[in-house]
Every structure is written in structure tokens, then in C-alpha cells.
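Given the structure of chain A, go ahead and fit chain B onto it with the hints provided.
In case you want the letters, here they are:
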Amino acid sequence: ENISDFSVNITDCTQVVVPEEVFFTVAAAGILENLLILIAVVRNKNLHLPMYFFICSLAISDMLGSLYKTLENIFIILCKMGYLTRHGDFEKKLDDAMDSMFILSLLGSIFSLLAIAADRYITIFYALRYHNIMTLRRALVILAIIWAFCAGSSIAIALFSYEAATVIPFTVLFPLMMFFILCLYVHMFLLARSHAKKIASLPSSTAHHRTNMKGAITLTIFLGVFLCCWAPFVLHILLARFCPHNPYCACYMSIFHVNGTLIMCNAIINPMIFAFRSPELRSTFKKMFYCSR
Amino acid sequence: MSALRLISNRTSQSNSDYTWDYEYYEYGPVSFEGLKAHKYSIVIGFWVGLAVFVIFMFFVLTLLTKTGAPHQDNAELSEKRFRMNSFVADFGRPLESDRVFSHQMAEESQSLFHFCINEVDHMNKEKQSQKGPSLESNTHFQEVPKSSGMLEEDPRCLTKFNIPNFVNTEQNSSLGEDDLLISEPPIILENKLVMQSSHRILD
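Going down the list, the sequences are from chains A and B.
Counted from 1, the first sequence has number 167 at position 167 by full-length UniProt numbering; the numbering is strictly sequential.
Counted from 1, the second sequence has number 43 at position 43 by full-length UniProt numbering; the numbering is strictly sequential.
No lab work stands behind these hints, which were simulated from the structure alone.
Treat the hints with caution; some may be incorrect.
To give an idea of the chain B side of the interface with chain A (calculated C-beta under 10 Å), a few residues [as the list claims (entries may be wrong)]:
#1 Tyr-40
#2 Ser-41
#3 Trp-47
#4 Leu-50
#5 Ala-51
#6 Phe-53
#7 Val-54
#8 Val-60
#9 Leu-61
#10 Thr-62
#11 Leu-64
Note that CB positions come from ideal geometry on N, CA and C, so glycine has one too.
Isolated chain A (complex conformation) (with noise of 0.2 Å):
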């Protein structure tokens, strides 16, 4: 318990600290943003369409991942200020609960994310017998079965954390949904920009490369966002488990408020790639600012 002895040591890697001031404006964004696209979805009866749903999903799990933190950070304050106490039974399933709600988060942001894909991949590919295939209902059930296995897989992981065998298919099934999210959209992308060629083979096109370009620009943006704010966060958790003693492990696992910070900027990012790119769903935020005015 003597970890206090090890900073003695001047070489090695203090926790780099992101000021809470930072912290809580990133988190209260995130958590507002989210917020009001939930709120644009329920009060407009045109977006009570399956795709708006999946957006509303990855804005809930992005909701949850920026209160997880934002509870976190409360909660080492008042531990801080001697409002609670350290060993006690209630901060220790507190603890787990919070846990618990940050790996719900990070799989409903995966899950739904896929399901956002497969959306636009029924809509590219079975266009005319998309409202048969994806109906509100059928929507309704898959948010449902997400988040039910989501909530059962989060427990789980909280619950038994400190065995090898959950930390490893929780690290193996981010990069597998990955992985085929990008097949997913490439496919649909190989085929617009194919169609794309077939219109712009009459004369006089210069329009088409910078439209591919475009499509490029989208997809890259779309994945990278998401690698790049969840990715450190799981080799974070892979160095804990397997490395923790090893001085470069340690290094790494010093920026883990960074780490943290990162995930929160995601739920702030999503929603202007996802969410506000629909021409609906802006006019819908312009109608509830301008009329409460």
C-alpha cells in the first residue's frame, strides 16, 4: 500500500493531471450536447425514424460515458474533503456501479455505432425494401437486445475485472467492431463512388474527384475519431492487467486522465459527425432555440 514510496524514485512518470476546471467543462459539454439531441428527437415526430434512433443510442452511451466521469471526479473530491469515508461498503459498490457504467458506455458507443452502419448499409443496398426490412419496431428491438447484452456484459466486466478472461475479450471485441464497421462502410463507399463514375462518364466532369475526395475525408473522420478517443483507453487497460509493474507500462498508464479527457472530447465529437450532419435534425435544434426566445 506504500505506493507513495515509488515517486520518490526521480525518474519516473508522475500522473500528468488535466486541471478539473477542463475536466468539468468537457464533461458538462458532452453531456449537454448529447442531451439536446435527445431532446430535438423526442420532440420532432419526423425524426421518429430508425436511423434518428441509432443516433439517439450512441448519444445516450456518449451521455453515459461524460457522467461516469464527471461522477468519478466528484466523487475523489469528496473523498479529498473527508465527506466519504475510504474502506467503507457503499464506496466500494459505488465504485463498482460507476465502473460498471463506463464500460456500458464504451460498448453501447460500439454497438451503436454498428447498428448506425448497418442502417446505411440496408439503406445503400435494399433501398426499396428498406422500410420493410428496418421497420420502428424492428429498430426498437435491436436498441432493446443492445443494451440489454450491453448492461449484462458491463456487470460482468465490473464484477470480475481482475480475471484475465474478461479483459481479453473486452480488448479483442473493440478492434473486431472496428474492423467490420470499416468493411461496412467501405463497401458502401466502393459502390457510391462506382455509381458516382457511371453519372460523371458523361463530358465535363470535374466535380467527381473532389467528391470522392470527400467521401474519403468523411469515412477516415468517422474512424478515426472513434480510434483515436477509445483506443487509449484500452491498451491502458491491457497494460494494467499484464504489465503493471514494468517502468514503460507504468509511463503509460501515468496520462490516463488524458486518456480520460480523450473519451469525453469523443462524446462531444460524435454528435457533430453524426448527428448535426443531418439537415432535419438542425432545423429541429433552430425551431426549439429560436422559439424559446
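For chain B alone, coordinates are given in the frame of chain A:
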């Protein structure tokens, strides 16, 4: 997770004698002597690797835009192109007001739509005995460009669904891959069809 608890409580170590019970495992003191590489090498290596991967992915995607997808058959491509044409043609910005308006009439439009499809199905069953009884509406749509002669024969609904006329070969259409990736659902297509049919039926 114990790792989270452990790491997150380290920041408060400096001020208080705050200790958690490390019930899962303990971190002993970590020795930082005799390191061969820089101590942040994992951090640097990880971020450099991630950046390289994202840039590589971007270049692969841009290369795909230039070279093409040779594995697709022509038949499959023409069918998908038909779908894409009719789907994408209604993607332009001017249709937004239509979409908002048409979505409000969605329910009665859809019932009309199904009515027309049922009529079409009924006529198909009479005319083409080789088709199975479970004719889906979408297969009918796909047959439309091939059997255009049938369109003129059915006065009630089929002439409204002039799907080949939806092909938009305009250069300056707002076709963009990012629009497609935004993927507004094809309710636009169906509602535009249905609006036209409903107007003609009601007239």
C-alpha cells in the same frame, strides 16, 4: 475495475494519506533504473502507430476512388445503379421541403402505396402465372425497367411509378459520397412516388 480505482486515486496521493484496499492486486514500487529506451516509448509508439494507421486508411480510401472496383459484375452493377439512381436522385436539397411535407402525409400515403402495390400484385398474378404468389413489391419495381411494355397496359397505378424517369444524370446534382453516407432514409423516394400517385388518384 481495480485498475481504474487504483490509477484514479493516485492523484490524491500527494495531499492525503488516502488509501484504498487493493483487494485485487498491489502495485509494488516500480524501478526506473536501467531503462534502455525512453520512458515514454510506449506512449510515443502508440500515438505514432495510430496516426500512421489513420493516414494509411485515408490513403487506401483515396486510392480506391482512383482505381475502381473491378470485382463487381455488370449485371449486378446495373441493378444497383438502378436502385442508386432512383434513390440518389431525390437526395438534392430542393426536396427538403417536399420531404418534410410528405412525411406528414406518410400514413395515408403509405396506405395508398400499399393499395397500388396490391393492385399491381393482383394484376401480375393474373397476367404472369409463372410468378410465385409471394411477389414482393420490390421485385416488381425491379421488373419495371425490363418490362416497360407492361406499364402502358396498367392504367391505374403503374404509369405513376415511372422509375426509369427518375434517373438523374445531371452533372451538378448534389451527389456526394458524404451525402450518401449521411443516408437519409429512402422515405423521400417512396413518398415522392406516392405523392404523385395520390395526386393522380385523387384528381
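Comparing the hints with the structure gives:
1. Tyr-40: At 5 Å from the nearest chain A Cβ, Tyr-40 of chain B passes the 10 Å test, so the hint holds.
2. Ser-41: holds (6 Å)
3. Trp-47: holds (8 Å)
4. Leu-50: holds (6 Å)
5. Ala-51: Check passed: Cβ of Ala-51 of chain B comes within 8 Å of chain A, closer than 10 Å.
6. Phe-53: With a closest approach of 8 Å, the Phe-53 of chain B hint holds.
7. Val-54: holds (4 Å)
8. Val-60: holds (9 Å)
9. Leu-61: holds (4 Å)
10. Thr-62: holds (5 Å)
11. Leu-64: Result: holds, 6 Å to nearest chain A Cβ.
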